[in-house]
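There are 2 protein chains.
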Amino acid sequence: MSEFDLISRYFATKFPQRPDVDLGIGDDAAVCTIPPNMQLVTAIDTLVADVHFPLTTKPEDIGYKALAVNLSDMAAMGATPVWMTLALTCPEFNEVWLQKFSEGLLEIAQLNQVSLIGGDTTRGPLTITIQIAGLVPSNTVLKRNGAKPGDSIYVTGTIGDAGLGLQAVKQQIVLSKLAKKYTLSRLNRPTPRLAEGQKLLKVANSAIDISDGLVADLGHILKASNVGASLQIDNLPLSNELLESVPYEVAIELALSAGDDYELCFTIPESEILPINSCTYIGKIETDLGLRCVTKTGDIFIPKANGYQHF
Amino acid sequence: MSEFDLISRYFATKFPQRPDVDLGIGDDAAVCTIPPNMQLVTAIDTLVADVHFPLTTKPEDIGYKALAVNLSDMAAMGATPVWMTLALTCPEFNEVWLQKFSEGLLEIAQLNQVSLIGGDTTRGPLTITIQIAGLVPSNTVLKRNGAKPGDSIYVTGTIGDAGLGLQAVKQQIVLSKLAKKYTLSRLNRPTPRLAEGQKLLKVANSAIDISDGLVADLGHILKASNVGASLQIDNLPLSNELLESVPYEVAIELALSAGDDYELCFTIPESEILPINSCTYIGKIETDLGLRCVTKTGDIFIPKANGYQHF
Chain A
1 MSEFDLISRY FATKFPQRPD VDLGIGDDAA VCTIPPNMQL VTAIDTLVAD
51 VHFPLTTKPE DIGYKALAVN LSDMAAMGAT PVWMTLALTC PEFNEVWLQK
101 FSEGLLEIAQ LNQVSLIGGD TTRGPLTITI QIAGLVPSNT VLKRNGAKPG
151 DSIYVTGTIG DAGLGLQAVK QQIVLSKLAK KYTLSRLNRP TPRLAEGQKL
201 LKVANSAIDI SDGLVADLGH ILKASNVGAS LQIDNLPLSN ELLESVPYEV
251 AIELALSAGD DYELCFTIPE SEILPINSCT YIGKIETDLG LRCVTKTGDI
301 FIPKANGYQH F
Chain B
1 MSEFDLISRY FATKFPQRPD VDLGIGDDAA VCTIPPNMQL VTAIDTLVAD
51 VHFPLTTKPE DIGYKALAVN LSDMAAMGAT PVWMTLALTC PEFNEVWLQK
101 FSEGLLEIAQ LNQVSLIGGD TTRGPLTITI QIAGLVPSNT VLKRNGAKPG
151 DSIYVTGTIG DAGLGLQAVK QQIVLSKLAK KYTLSRLNRP TPRLAEGQKL
201 LKVANSAIDI SDGLVADLGH ILKASNVGAS LQIDNLPLSN ELLESVPYEV
251 AIELALSAGD DYELCFTIPE SEILPINSCT YIGKIETDLG LRCVTKTGDI
301 FIPKANGYQH F
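So the sequences go chain by chain: A and B.
Just so we're aligned: 281 in my numbering is position 281 of the first sequence, and the numbers increase by one with no gaps anywhere.
Just so we're aligned: 199 in my numbering is position 199 of the second sequence, and the numbers increase by one with no gaps anywhere.
Heads up, some of the hints might be wrong.
[Claimed, not checked] Covered stretches of chain A, as calculated for chain B (at least 3 residues, CB under 8 Å):
(1) 21 to 33
(2) 37 to 46
(3) 84 to 92
(4) 110 to 120
(5) 125 to 131
(6) 134 to 141
(7) 228 to 242
It should be emphasised that the hints constitute simulated quantities derived from the structure, not laboratory data.
Even for Gly, the Cβ is constructed at its ideal location relative to N, Cα and C.
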């Protein structure tokens, strides 16, 4: 089977069709129309086998996650995702693998009405790069650099779960059946907080998604905004599955540093009404630079790790 | 050095700045504005080490070519390139390699005024994926599927040179110093035919860039347009360097099947005035399906290979 048959069999026809895609897969490039008064938002993210996911990961989960992490970038900007392009490098043409990979990718694409408008398939070590495009009403996009002293800091959902799931996959910990199922789902099929991001437009001063860990990613907001923060670590939203599986201190470390949860961290002026429910207050933006983690008894807490470093 | 330092040192600041980029590198995604009455054109292409380029290729040439092949897709659509995102996977943080890679990328980006608006750097086997965005006036884009019986078929520049260069790199052939220099330049630093593509808007019925070989790529036009063609193989534009280095029949085979030249192949109604000079008439679109290669004596010629197959 040629590269071209491969693309058309697995990818070209099954994905959501959108009226703003004027020319999709099958030419040298895709052609789309952007509505007036909207800005284009684009990001690109790569998953490398054995680096971003263990080699034992199911192909349908790889397909799902590859798009999920890109959608999470759209969520952090408050954008509505519309189209993607896929660069898939795989060591061989494995029909079963490709079918399952495309099923996972298709599932999350359908959930979010994202069209697949182009791609490139190449031979080589397994690497999946997705480039996502989204739209926002002009001049409303959420950025990292708008945090102001006095802003309240919130995080959606719970954090630390994916980190625990990764420990279980690596057989560094044995979990209960329920905890394993839950944390693996969090690791392999993260939920991009798209609806939450869109509701935060015009309300939040800054936002980011938590891919490298709360300390690292909140750190990006602080650096870009030239502010500091104090974090109430006993306020961190931890799942029951996490709390039941490891000592409290370990749960806190995972929540602060493990990453891969793809929740949103955002800051919002105290005067604004919170437009979403599923989020937790975790601290305050301050004038003093740096991040101070504080326990409920007022003690300073120093996290052991600072988030995922790629090199 | 962290991933973030790496991005800002080598990539964030040096590339052409454009007024339509509202938010560039450094957030979760980039934000751009599309002018009214223009369509967005996007493509994505991956180069894998030891598959798309030999491991001995200079990093500055890898950087140059990674963007060149994407720009060639823009040329084939008649689009003007504007922005790119880069997904770079490399096995280690090698400062010398990264600097040289970014120099090559920067050189061709500056030549074509392309902004680098985002990226992802990951650890893994060397793989470079670039996603390119371009603009065309609405409803003028060049497609593969518009070829009509009676159209004249043209190709820009000369073809077969990059294929000969690859044979030299692989030490399958010994070339004169001049021929080696020329064909390696064609292999490592292809020239995307952007000006030619833009001039063909509203004139050509179909266009494609030659990445997999003339037979394979013209074949895509024929299939998409549901037509056939006859090709005058003795008309194929061959460089002196190619003709001096190999027997005529080998030169023809390289021109038909080797690929990697990134010239444009396009079809144009006989009644239209050719809007560019640097191109050669090579055949006619016909109603009968299939591709017929004919010599100047009228004999049928059957190419040995059919173009690059990725799997």
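Hints and how they fare:
| no. | hint | in the structure |
| --- | --- | --- |
| 1 | 21 to 33 | holds (count 10) |
| 2 | 37 to 46 | holds (count 8) |
| 3 | 84 to 92 | holds (count 5) |
| 4 | 110 to 120 | holds (count 4) |
| 5 | 125 to 131 | holds (count 4) |
| 6 | 134 to 141 | holds (count 4) |
| 7 | 228 to 242 | violated (count 0) |
The earlier numbered hint that this structure contradicts is number 7, and it is the only one.
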